[in-house]
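Chemist: Single-letter residue listing:
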Amino acid sequence: MQDSSSFRFPHPSTALPVRPSMRYDAVQSMKAITRCLFLLIFALTAVAQDKPPAAPEFKDLDSFVKSLPLPTVKPLDPDSALLFTALPLACVDDLQPKPSTRPYFWQPTYKIVDGHDKTRAFYGCNDWPTAVNAVWTMVTLLKRYPDLAVSGLIREKLNDHLGRQNLEGELAYFKTAGNFQRPYGYVWFLKLYAELVTWTDPDGARYAENVQPMARYFADSLVAYLIDVERPNRTAGQANSAFMLGLLLDYVDVTRDMTIGRAARETAKRIFLSDTDCTTNTEAASPDMVSPCLAEAAVMSRVLDQTAFVAWFDKFLPPAHSDKFKPLRTVSLDAVATGRGGRGRGAPPDPQVGSNAPSPRATWAGLAFTRAQAFTRLAAALPQTDERVIVYRRLAAIHTEIGQKGLADPAAFEAPWLGAFAVSHLMTLGTSQ
Amino acid sequence: MIQRGLVTFMCVLLFSISASAQQTNGTVADLETFLSGLPKSNAPVLDQALAMKLASMPLACIDRPHAAPQTRGYVWEASYRPPDDYQKNLAFYGCFDWHSSVNSIWTLVRLLKSHPNLPVAPLVRQKLGKHLDKSNIAGELAHLKGAGQFERPYGYAWILKLTAELSEWKDPDGQKWGANLSQLAEWTSKEMAQFFTDLPQPSRGGAHANSAFAMYLMLDYVEQAKDEPLRVAIHQNAKRFFEADKNCATKAEPAGSDFLSPCLTEAALMGRILDRQPFLAWLDTFLPPMQSADFKPLTEPVETAGVSRPEQLAGKSHLIGLTFQRGMVMNRLANLLPNGDLRADVLRRLAAVHGVKGMQGMHDAGYYGSHWLGTYAVYYMLSPQ
Chain A
5 MQDSSSFRFP HPSTALPVRP SMRYDAVQSM KAITRCLFLL IFALTAVAQD
55 KPPAAPEFKD LDSFVKSLPL PTVKPLDPDS ALLFTALPLA CVDDLQPKPS
105 TRPYFWQPTY KIVDGHDKTR AFYGCNDWPT AVNAVWTMVT LLKRYPDLAV
155 SGLIREKLND HLGRQNLEGE LAYFKTAGNF QRPYGYVWFL KLYAELVTWT
205 DPDGARYAEN VQPMARYFAD SLVAYLIDVE RPNRTAGQAN SAFMLGLLLD
255 YVDVTRDMTI GRAARETAKR IFLSDTDCTT NTEAASPDMV SPCLAEAAVM
305 SRVLDQTAFV AWFDKFLPPA HSDKFKPLRT VSLDAVATGR GGRGRGAPPD
355 PQVGSNAPSP RATWAGLAFT RAQAFTRLAA ALPQTDERVI VYRRLAAIHT
405 EIGQKGLADP AAFEAPWLGA FAVSHLMTLG TSQ
Chain B
102 MIQRGLVTFM CVLLFSISAS AQQTNGTVAD LETFLSGLPK SNAPVLDQAL
152 AMKLASMPLA CIDRPHAAPQ TRGYVWEASY RPPDDYQKNL AFYGCFDWHS
202 SVNSIWTLVR LLKSHPNLPV APLVRQKLGK HLDKSNIAGE LAHLKGAGQF
252 ERPYGYAWIL KLTAELSEWK DPDGQKWGAN LSQLAEWTSK EMAQFFTDLP
302 QPSRGGAHAN SAFAMYLMLD YVEQAKDEPL RVAIHQNAKR FFEADKNCAT
352 KAEPAGSDFL SPCLTEAALM GRILDRQPFL AWLDTFLPPM QSADFKPLTE
402 PVETAGVSRP EQLAGKSHLI GLTFQRGMVM NRLANLLPNG DLRADVLRRL
452 AAVHGVKGMQ GMHDAGYYGS HWLGTYAVYY MLSPQ
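Those protein sequence lines, which keep their order, are chains A and B.
Note that the numbering used here has the first sequence beginning at 5, numbered continuously upward.
Note that the numbering used here has the second sequence beginning at 102, numbered continuously upward.
The shape of chain A in the complex, shown without the other chains (with noise of 0.2 Å):
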């Protein structure tokens, strides 16, 4: 049974809400009454004013942003890319794992595949997407740092895995593939791509010019894919709907490529327009690496004009003083994992997922740079002059810093991806020589 002193109505906006149980429902008289004049008085206030009473942990923005830390974000300089490269370096010749699965019925016996090195670029790195975006993070750096005291084994690393025959290899295998890797891996191809096609240097134009026909292919396949696309997946890991779709217009505007860049648009407007009042009690409720609420907001203020944004917006983000923006305000590190599929707090890994089950501070630190990221999207997307551009600006801030606090974490050197996901935010943040 609820207590009554703390009921209120969940949407504020709308009109009062029936229950319509109250007809039937044999509560005790006194709960009853309580609740009644309850109701009434509500009522009566909203009436009145159109807002619920509440007695919110703040009572507005300011003095919510009053409460906030002043964190230390480091910009990207040589000093981090240099260690930036050491996991793409370390990962991208370690084979990925054999399954190690007990299969119920078909019995496998595996063997490498013949030739993997010149057939196939990306068998490293424990899984397809890693390996890829541990490629594009090794571009990314070596454009913006050229003299990086290891260019030379990056550029020997690349040589090895992006040559022409490499990636016909691997187009060969993903036309028989079916949905391996679609679409996440398939993004983190093209943005790969698109790094590759802007660098000004005879090594990178060659890269480009190997990886074209996959990144077309992939292109294609996606379109076709976003069409279908008729509703959301909001989970928050690699399947998410809004997370992938933002990447991909990462690769679309440095490409220009107009025809997915469309794709992409219309499939977002399709699929999230209608959104109101997004649930943000689940987020972070496990470890993972997207917030489906802020990867969406971000992705919107993408694909709509600012007006047309700022409409949306406000009916879908709760403010950020609000108790029901919580779950958004921070991070923790040694928030407790779920031992995926229900093994207990603190259990050892699951002998059955291996090395291959994901660090949970390493993950946490993911999600806290894929947040970082949103927040700058979104204070960078609304009216400059709109009172939310601080808060976000301040909340990029403060996940920032407790994504960098996750890199220092043993956990962060099992865990490749974290550090392309930290360079992909650092360098929208602006780097240092």
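Calculated directly from the structure, the hints in this document are not laboratory data.
Yeah, the Cβ is synthetic: ideal placement off N, Cα and C, and Gly gets one too.
From the structure, some residues in chain B lie toward chain A, with a derived Cβ separation under 7 Å:
{"id": "1", "residue": "Trp199"}
{"id": "2", "residue": "Ala350"}
{"id": "3", "residue": "Ala356"}
Below, a list of computed lysine-lysine pairs in the DSS-like style, where the Cα atoms sit at most 27 Å apart:
{"id": "4", "chain 1": "B", "residue 1": "Lys352", "chain 2": "A", "residue 2": "Lys273"}
{"id": "5", "chain 1": "A", "residue 1": "Lys102", "chain 2": "B", "residue 2": "Lys246"}
{"id": "6", "chain 1": "B", "residue 1": "Lys214", "chain 2": "B", "residue 2": "Lys235"}
{"id": "7", "chain 1": "B", "residue 1": "Lys189", "chain 2": "B", "residue 2": "Lys231"}
{"id": "8", "chain 1": "A", "residue 1": "Lys179", "chain 2": "A", "residue 2": "Lys122"}
{"id": "9", "chain 1": "B", "residue 1": "Lys347", "chain 2": "A", "residue 2": "Lys330"}
Chain A is already provided as a structure; the job is to place chain B on it using the hints.
Modeler: Below, chain B alone, put in the same frame as chain A:
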């Protein structure tokens, strides 16, 4: 009680006055209007012909091995072969995947119980005898013990439901097969009690991992088998997961390949966990008013007629199965409401609409649908209406 009724009456009166002054969309009259606007479909009835059709679906799949992995492997290339003597060592190797195989067997048992004179009854018994033999079940248990998270919790829930169905069946074959399953069921029950106790957060998606639906299925077993430790684990953890929930995100339903309604399932589960009064109070803050726009996504079955490309058929089959699952939990919810509650009428009418739609889609997704939709149709029709 007069006093209580008076208070309630006054409350409704005052409330209606303030509500009508504001032209709200949430008055009692609106629920009535909403109800009168709903189509009156005749819920499908499980007659002999339909029972034959629904029995033939599992008969056609329980010996067709699970789908072989489609991809050859990206860097680790795999070649596959069936395990040796699987017809003697395994029971649930058919019907596309493991849980579908278990629930197809359940469907055969359930239909044999409701329609003992089914013309195919001898064939059904023959098949059940082969699959539920001692050595087959022993092989299953040996596999599960080393299989980690495989089929937890959804497939495990079906094992328990199958066991309950067999052990309450007054039939010599049924008793024998129930005994063959008892060791597996005991182990499964213990594992599931631990599973929910260890689970920090419920899984709220609309597919296999959904915690509420697994619990819901297992309650069918718990009620029959009087399995006290599992009952306690489910009750405690359901309260831990769901008692504080409010304002279920009905607007987000369904996701593209949901086969269950997270909001309705959680509501129906809590109706089986909480006492009636606390449940009714909880329900009022959990589900939006049925005549409201927020509830609308749950009032209409998803139209899947335009979905036809091979790679979309699995998801399509889920949306077809969703109609039966919604119908089933809607009927259950209706039964949990007090007599005269208009919401019960709304739910029963919506359940019938969903059931009819599901029957029409039974073969619209090929084998992706036929290997499991029969189970959901039977579960829907033979659940309390």
